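> Protein chains in written order, with the numbering used here: chain A, 752 to 1184; chain B, 752 to 1184.
By construction, these hints were calculated from the structure, which means they are not laboratory data.
It cannot be assumed that every hint is accurate.
Where chains are identical, the list cannot tell them apart; a pair therefore holds if satisfied intra-copy or between any two copies.
[Said to hold, decoys possible] Derived pair list, reagent style DSBU-like, types lysine-lysine, alpha-carbon separation capped at 35 Å:
(1) K1143 x K856
(2) K763 x K1143
(3) K994 x K1023
(4) K891 x K877
(5) K1167 x K1126
(6) K1120 x K1012
(7) K1127 x K1080
(8) K1167 x K1133
(9) K763 x K1117
(10) K884 x K1167
(11) K1082 x K1127
(12) K807 x K1127
(13) K1005 x K827
(14) K1127 x K1032
(15) K1117 x K809
(16) K782 x K1143
(17) K1044 x K1143
(18) K1080 x K1020
(19) K1167 x K891
(20) K884 x K990
(21) K764 x K930
(22) K1167 x K1044
(23) K1127 x K925
None of these values were measured; they are calculated from a predicted model.
Protein chains: 2
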Amino acid sequence: MERTLSIDCKKKKGERVLVKGWMDQLRRLGKINFLVLRDRGGYIQVVVEDQKELDKVKQLQIGTVLYIEAQVQEAKQTDLGVELVNPEISVVSSVEHVPPVEYNKDDINASLPTILDYRPLTIRNKKIQGVFKVQATILKAFRESLRSQDFIEFRNPVLIGSASESGADVFEVKYFDRKAYLCQSPQLYKQIMIGGFERAFCITPVFRAEKHHTNRHLTELTHMDGEIAFVEDYHNVLKVCEKVARDVISAVEKENSAELKLWNVSVPKLPKGQIPEITIKEALEIIEKKTGKTSKRKLDLEPEDEREICEWAQKEHGSDLLWVTHFYKDKNFYTWNDPNDPETSLSYDLLCRGIEWLSGTVRIEKYEKLVANMKKQGLSEKDYDGYLQAFKYGMPPEAGFSFGLERMTMKIFNFKNIREATLFPRDVERLAP
Amino acid sequence: MERTLSIDCKKKKGERVLVKGWMDQLRRLGKINFLVLRDRGGYIQVVVEDQKELDKVKQLQIGTVLYIEAQVQEAKQTDLGVELVNPEISVVSSVEHVPPVEYNKDDINASLPTILDYRPLTIRNKKIQGVFKVQATILKAFRESLRSQDFIEFRNPVLIGSASESGADVFEVKYFDRKAYLCQSPQLYKQIMIGGFERAFCITPVFRAEKHHTNRHLTELTHMDGEIAFVEDYHNVLKVCEKVARDVISAVEKENSAELKLWNVSVPKLPKGQIPEITIKEALEIIEKKTGKTSKRKLDLEPEDEREICEWAQKEHGSDLLWVTHFYKDKNFYTWNDPNDPETSLSYDLLCRGIEWLSGTVRIEKYEKLVANMKKQGLSEKDYDGYLQAFKYGMPPEAGFSFGLERMTMKIFNFKNIREATLFPRDVERLAP
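Pulled out of the complex, with its shape left as it was, chain A reads as follows (with noise of 0.2 Å):
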């Protein structure tokens, strides 16, 4: 018999059917016990009365992978309509003990970090399930997006053959008889990129080794990455920007409804009108206006001026999003900075419920320009011999930008530690699972 779906069995009422999947749940009351068995489809209910039947099942683990022939009937009272009465259950895969989490709760009632330890397990639990349906929702809808607006997905490479092409923190790989690195982020080949394509993207995982263990950082991350070339004014890169975050945010709306309602959340709400847009001095001020507080860092928001500002967004603005543009002239070789204020730089950072979801900037397309940075930093031309390739032989005005995809999920779902929103998260201390 062909194997039908939990989700599909409401279409076979009075039928018998194949189902298969892991037991989920069993409730003895005696005579009667009901078996939940879990699937890609879901959950559904399976009736065991006949004593052969009870036999097989009774000393049954949650996690059993079952075969079960039974009839499709209506019960009004389950989640699908139907359930399964009258089944011949057939062990497939045995569990021998009980498992270590429990993992079937609506909540796992564990920490963390045990959590973690057992993903595993705890990715078998239908609210996790729904944090990694979202995750796939957004990459989906960041790709779809892009491609809309005319760009080209590429495959940037990770290892990086001088260190200081990554910056600082940077991992070493011992690469045969020398050093590569792991990059620190695909932007010097977006870059080279769009001298070919003028609009390119890629999803990509970027290494920090950044000693410090925070709620917001980890060594492995999945950066979602765009360039775009013929920008004369950032505006027009916030435009593009803009869209993505609407089209993420619009799809997993629709797409991940139940997930969302199990964890009791809802997308961030964004403007009907542009997303708002203030300047980094701007947003100081209002932050000094509402708390009192000056920034200890110069024109950049440290995590608690985030939260503050996006309040005040929220407040003001019904915008759960918000652009903040102009932080100090960048250290960085690469970035413009704004003519009219050179304290400042062409940059700007995409703040959602209190986080960084995407930072970007305006790029220096002068080759002489370039070239005189890098040495005012002690950089070495060879080191960056291709990326100055593209800039030599033509390259014009550009910007690019940077989304996080484990921030935008850990934001959706309102999560203070990041390692909620990444299915096997790296940092100092954990390399696995």
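Since chain A is already given, all that's left is putting chain B on it; use the hints.
Below, chain B alone, put in the same frame as chain A:
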């Protein structure tokens, strides 16, 4: 004035437009000059007659970024059917030197290493762009095909805690006070995933510290991996993979006909029915009959065997694709041997035009069997703690597969070297750009 892409000029005959792009050609015929501008939409010819404008352009190098206001005029002899006349030209980014490769010719007259050294310029070539446009289509079609088959996308980690998890030829990373390794395959993670989701896929860089320099190996590659639960017969996996291959080929045929035409190639030919399937034993017999040669590797194919057997499939079955199954019993701990022929394993390769596009196996889902196999091979259970969890607490029969993105691209274009199908290839010698 708002920008018009070259490709859209034909809708604006008689109007003045603003085009932006790179100077790709300049044909000087005395008083009249033909300038070809490249943008992401294609190429458009600009007729330059006015002396002032002539003076501006006559010294310009290929690659110079120009903004041109001009009038659209019918020109039946051109590809677009229109050209631009009476231009006003602005030089936006000037180029001081003659580009070191003539990327603006139909074919770049340079060796492959040179083409790779100058990748930032050679991706400005129309034919080379075509390769990576096709690659982007493959990525998109792969994901769409698996999503349509109910697979969920996930992000696997690249940093791995134990070397053995990654096998031989693994790259070592300095990870704070200890060592980490770069993943050779996301396999263990996708196996973990299906305990929750049944069907999962990921697209990821994988790393091989292989010293040999061949035309089909790189140290960093893109794998497109899937894993599927509730597979009792491996033919069901083959069906899933076959749909992926068909969907990818048909997407490339539809969306990239211009690129295929440029290279004068056609997509791999598929049979009307299923892709032919033979065992390795049958394959070796056919090769021996055909060439008199016996394979040096036990129940495995050497590169020339792959070419021979693909020629046979072409001739006998009219198919550029061929399944070869049941390779010599697997040395890894996680693959089932064939119960009917324990000398062979439940393994399958999808060959295309003489090279492996995909390989996969049916996995051992029994916890005790996995642990026994690990012991036999001297592997530490502790290193596989997370992985084993998934099996200890209930895993159905399952199988997986891995497509190579660069190999697929390579064989669509009939390239001899995988580097031609890779934007920024990494090998023993090459780590740049």
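> State for each hint whether it applies.
Status of the hints after comparison with the structure:
| no. | hint | verdict |
| --- | --- | --- |
| 1 | K1143 x K856 | between (60 Å within a copy, 19 Å between copies) |
| 2 | K763 x K1143 | between (67 Å within a copy, 34 Å between copies) |
| 3 | K994 x K1023 | within (13 Å within a copy, 42 Å between copies) |
| 4 | K891 x K877 | both (21 Å within a copy, 28 Å between copies) |
| 5 | K1167 x K1126 | neither (42 Å within a copy, 41 Å between copies) |
| 6 | K1120 x K1012 | neither (52 Å within a copy, 41 Å between copies) |
| 7 | K1127 x K1080 | within (15 Å within a copy, 60 Å between copies) |
| 8 | K1167 x K1133 | between (43 Å within a copy, 31 Å between copies) |
| 9 | K763 x K1117 | between (67 Å within a copy, 33 Å between copies) |
| 10 | K884 x K1167 | within (19 Å within a copy, 40 Å between copies) |
| 11 | K1082 x K1127 | within (11 Å within a copy, 55 Å between copies) |
| 12 | K807 x K1127 | between (76 Å within a copy, 33 Å between copies) |
| 13 | K1005 x K827 | within (26 Å within a copy, 47 Å between copies) |
| 14 | K1127 x K1032 | within (27 Å within a copy, 65 Å between copies) |
| 15 | K1117 x K809 | between (74 Å within a copy, 21 Å between copies) |
| 16 | K782 x K1143 | between (81 Å within a copy, 30 Å between copies) |
| 17 | K1044 x K1143 | neither (46 Å within a copy, 54 Å between copies) |
| 18 | K1080 x K1020 | within (31 Å within a copy, 56 Å between copies) |
| 19 | K1167 x K891 | both (24 Å within a copy, 33 Å between copies) |
| 20 | K884 x K990 | both (27 Å within a copy, 25 Å between copies) |
| 21 | K764 x K930 | neither (64 Å within a copy, 57 Å between copies) |
| 22 | K1167 x K1044 | within (23 Å within a copy, 64 Å between copies) |
| 23 | K1127 x K925 | both (30 Å within a copy, 30 Å between copies) |
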